[in-house]
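Protein sequences appear in the order of chains A and B. Heads up: the first sequence begins at 1 in the numbering used here, then just goes up one per residue. Heads up: the second sequence begins at 1 in the numbering used here, then just goes up one per residue.
For the record, the hints were derived by calculation from the structure and aren't laboratory data. One or more of the hints may lead you astray.
Unchecked claim - Partial selection, computed: residues in chain A whose CB lies under 10 Å from chain B: (1) 41; (2) 70; (3) 136; (4) 164; (5) 187; (6) 212.
All of these numbers come straight from a predicted model, not from anything done at the bench. Every residue gets a Cβ at the ideal spot worked out from N, C-alpha and C, and that includes glycine.
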Amino acid sequence: MNAVAQYNFAYLDEQTKRMIRRAILKAIAIPGYQVPFSSREMPMPYGWGTGGVQVTASIIGPDDVLKVIDQGADDTTNAVSIRAFFAKVAQVATTTHTAEATIIQTRHRIPEKKLGAGQILVYQVPIPEPLRFLEPRETETRKMHALEEYGLMHVKLYEDIARHGRIATTYAYPVKVEGRYVMDPSPTPKFDNPKMHMSEALQLFGAGREHRIYAVPPHTQVVSLDFEDHPFAIQHFEQPCALCGAEQVYLDEVILDDQGGHMYVCSDTDNCEERRAAGHVGTLGVAQEAAE
Amino acid sequence: MYVAVKGGEAAIANAHALLADRRRGDRSVPGLRLDQIVEQLGLAVDRTMGEGSLYDTELAALALLQARGDLIEAIFLVRAYRTTLPRFGYSQPIDTGAMLIERRISATFKDLPGGQLLGPTFDYTHRLLDASLVGGTVPAPLTRPAEVEAAPRVTDLLGRQGLMEPDGDTDPDAEVGDLTREPLDFPLNRDLRLQALARGDEGFLLALAYSTQRGYGRSHPFVGEIRIGEVDVEFDVPELGFAVNLGRIRVTECQMVNQFKGSAKLAPQFTRGYGLVFGQAERKAMAMSLVDRALRAREFGEDLVAPAQDEEFVIAHCDNVQATGFVEHLKLPHYVDFQAELDMIRRMRAEHEAAELKEAAE
Numbered sequence: 001m002n003a004v005a006q007y008n009f010a011y012l013d014e015q016t017k018r019m020i021r022r023a024i025l026k027a028i029a030i031p032g033y034q035v036p037f038s039s040r041e042m043p044m045p046y047g048w049g050t051g052g053v054q055v056t057a058s059i060i061g062p063d064d065v066l067k068v069i070d071q072g073a074d075d076t077t078n079a080v081s082i083r084a085f086f087a088k089v090a091q092v093a094t095t096t097h098t099a100e101a102t103i104i105q106t107r108h109r110i111p112e113k114k115l116g117a118g119q120i121l122v123y124q125v126p127i128p129e130p131l132r133f134l135e136p137r138e139t140e141t142r143k144m145h146a147l148e149e150y151g152l153m154h155v156k157l158y159e160d161i162a163r164h165g166r167i168a169t170t171y172a173y174p175v176k177v178e179g180r181y182v183m184d185p186s187p188t189p190k191f192d193n194p195k196m197h198m199s200e201a202l203q204l205f206g207a208g209r210e211h212r213i214y215a216v217p218p219h220t221q222v223v224s225l226d227f228e229d230h231p232f233a234i235q236h237f238e239q240p241c242a243l244c245g246a247e248q249v250y251l252d253e254v255i256l257d258d259q260g261g262h263m264y265v266c267s268d269t270d271n272c273e274e275r276r277a278a279g280h281v282g283t284l285g286v287a288q289e290a291a292e
Numbered sequence: 001m002y003v004a005v006k007g008g009e010a011a012i013a014n015a016h017a018l019l020a021d022r023r024r025g026d027r028s029v030p031g032l033r034l035d036q037i038v039e040q041l042g043l044a045v046d047r048t049m050g051e052g053s054l055y056d057t058e059l060a061a062l063a064l065l066q067a068r069g070d071l072i073e074a075i076f077l078v079r080a081y082r083t084t085l086p087r088f089g090y091s092q093p094i095d096t097g098a099m100l101i102e103r104r105i106s107a108t109f110k111d112l113p114g115g116q117l118l119g120p121t122f123d124y125t126h127r128l129l130d131a132s133l134v135g136g137t138v139p140a141p142l143t144r145p146a147e148v149e150a151a152p153r154v155t156d157l158l159g160r161q162g163l164m165e166p167d168g169d170t171d172p173d174a175e176v177g178d179l180t181r182e183p184l185d186f187p188l189n190r191d192l193r194l195q196a197l198a199r200g201d202e203g204f205l206l207a208l209a210y211s212t213q214r215g216y217g218r219s220h221p222f223v224g225e226i227r228i229g230e231v232d233v234e235f236d237v238p239e240l241g242f243a244v245n246l247g248r249i250r251v252t253e254c255q256m257v258n259q260f261k262g263s264a265k266l267a268p269q270f271t272r273g274y275g276l277v278f279g280q281a282e283r284k285a286m287a288m289s290l291v292d293r294a295l296r297a298r299e300f301g302e303d304l305v306a307p308a309q310d311e312e313f314v315i316a317h318c319d320n321v322q323a324t325g326f327v328e329h330l331k332l333p334h335y336v337d338f339q340a341e342l343d344m345i346r347r348m349r350a351e352h353e354a355a356e357l358k359e360a361a362e
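Pulled out of the complex, with its shape left as it was, chain B reads as follows:
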């Protein structure tokens, strides 16, 4: 007997109720508070803020809680909220050279002004599961007086000697694009490319960056510098005539130094790959800088041979909110289209059979 597909409304409501139940889990276990997520799952919060393009630790924590820890779902929640917010304007460019540094390393120089600072890194931990974390106490870290020594960016140090290409030749008064307000129009300028990469999926960019290291668009990279810390965000208020400090945000910056480029007229110089991400997100910033450099292939007249060098391929597919939507939409009903295909394949099979019968008869 045919049962009509009725009751969609009740089914949806019930599904939501079940989701809420599963999200909360065993009621005898205390529910998570947002400050617990912000403080103890900070890197998940950072990734949500970065790819969600919204710097707000509490909202990101709420999104993570609501998404049951699914990062892409959390990123989606943040994006859908962000898009409804009004724009007051654009901040001044942040100055990462004036960063309050928590971590700063260079792979190109053993020592340099400002020094190397390991900071809160997993790098030299042994990946042994540590049961003492459960319920254990952690002593407060040692502190030292604030350093006053300036830590200029490695690229600036190289640039002063002319060894590093300048940081783009865009007119400082040129308006920077905004991919959340204007549709992308390929080919893109580097400002829009970097925006797309900054909110691009970490896993996708990581794989592409890895591919360039394995020969698919090799760029001979060195980590000139990675720095993590807080920077001031300043906003120009036209009525006041000067910039007002809105607060500080934590960012991760990676400057990749890549093999030279030069010509008969121009002396050889190292080239740049740039990565900048909200929060502490070193893997993402490094992957971003490798992909940024790979995408500059056309600019440097390099052969376009690898996926990571293909702007349309990389940028059109790096957004995980778009990607997950379109992949997952395949689970929505498609029976109207499938019916059309069924009809066609049945007709074609019938013709095929008839032709075979006819052949057998002859």
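So that you can see chain A by itself, here it is in the shape it has in the complex:
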């Protein structure tokens, strides 16, 4: 016990990595299918992204450049913590620039900048089973996937329309992958769903607590479920980012006072910073620069 504990490159032992890589290969071979894997306890709690961390740890090499985002931002505490973890246990280069990264681990967002071939997006997934809240039993949901029995999901979406006049699912919006498996895109806002479709990047999903890995290989169809008379639509913001003036991006609402004052800023901090560096200025951007 006196000896300092030694850890392997990227924390996990090589046997574990091999086991996870096998699960990843199977997941890539069957897009959208949830592959069970023997998830390990990680040095961060379940729910903090242990699935994503295990996937990243299994695929990362010394030459990789890692970016970690949480809620779209590089500087949220958990993103900082995971980035620091890999910098420590794998000594890899890290970046906040989307274009420079070879691996991007994310929680709840897909970067605004289009991802390219050779990049891997690793999602942290809390509940991988899209049917879980319709059917709590794993034994049942596995059967439903096997039989491609997704009627229940359509009934759920229809009930939304009957009750609210629209599909009321705003995040973790179910998708169908390559015309076969219904998949949970992780709790990303539905705004990001279209980015998954025919993406040039490889998309891997890790759910640690639930022991599941799934994948969307490059150039794979990812279609959000909908109805002919209620087609899928993403969120639209009525104003651009207050800092960089970006439109057609996902925004965070920031409360400014207790009088209802608020502003909208980019959720993707890297995209926002790049735009500001390129001279784009939003309505409150100049004031912000001056204040700094």
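Given the coordinates of chain A, work out where chain B should sit on it, guided by the hints.
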């Protein structure tokens, strides 16, 4: 003015420094040593080892110290260390019948071979706070020559008369599952179920066990036997061709004797519920054996009516490291998703208002 949420790195470092300070507390009070924790908070160490699935008193004590006495946090620390350890292989099954017994009681027989031995139990203490513990001295306990009388397990005694169901009909050469190496695939066999229960949360299993006593999956249990003591751990070394003794561990075993099961072909027999836990952990072993029996409902063709009988419900939720992680992760930022919900509810409220206005106008 908008202040960007910057400086996560500095905030984390500062939080850790403050945590270290609070953990140490008043510097004028001597710091705890690990041997003090091992010797004087032994049951906390035992629970950490049991639910952490790693038998090492010193590491468990370190985990408890690091966790400021938070048991689930300590269990988590031990688990995260355990998972990085290489596997050399699996030991031979321990023989609890050959246990060096410190405590052994049966609620089903007044006397039995090997006798009843109360051991270090709280059972008949009066729960009066004892101020003399602070700074007082404790005399050494009386000793007696080691007993040579064998203490066969009560279930074996009943089994010899055919009154107790045999201990499973699994092929002795069958490979036992390992839930730390393979993902769980429901429905489970009893080996994996027992593994999950052995590392399951004591509080959760206690509540489920209690529910079976109050009618939610009743099984008419009797404590056939509880025994606590040390057993040898032996490891088969292929090169040697015989098993090598690795050392001893303390375990608590509970065998619950439950109401009979029989059929037109099969004479009625008592059924078993089994609990086995590292260290001295009687409450946990008893709760485990009640839940084990409840989970065998399907095997015995009993009606599945209670939560404790529901394998997916019990096993998927009994791990406190998983449970605490997922419950506590709700404090992580969710503002992207919440924004999506905000947007939706505002749109729906606007439509609702417009509809009301229109109705009022008509």
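A quick look at each hint next to the structure:
Nearest Cβ of chain B to the Cβ of residue 41 of chain A: about 4 Å, under the 10 Å cut. The hint holds. Nearest Cβ of chain B to the Cβ of residue 70 of chain A: about 6 Å, under the 10 Å cut. The hint holds. A least Cβ separation of about 8 Å between residue 136 of chain A and chain B falls short of the 10 Å threshold, and the interface hint therefore holds. Interface restraint check for residue 164 of chain A: the shortest CB-CB distance to chain B comes to about 6 Å, inside 10 Å, so the restraint holds.
Taking 10 Å as the C-beta contact cut-off toward chain B, the hint placing residue 187 of chain A at the interface holds, the least distance being around 5 Å. Using the Cβ-Cβ criterion of 10 Å, the hint placing residue 212 of chain A at the interface with chain B is satisfied: the shortest such distance is roughly 8 Å.
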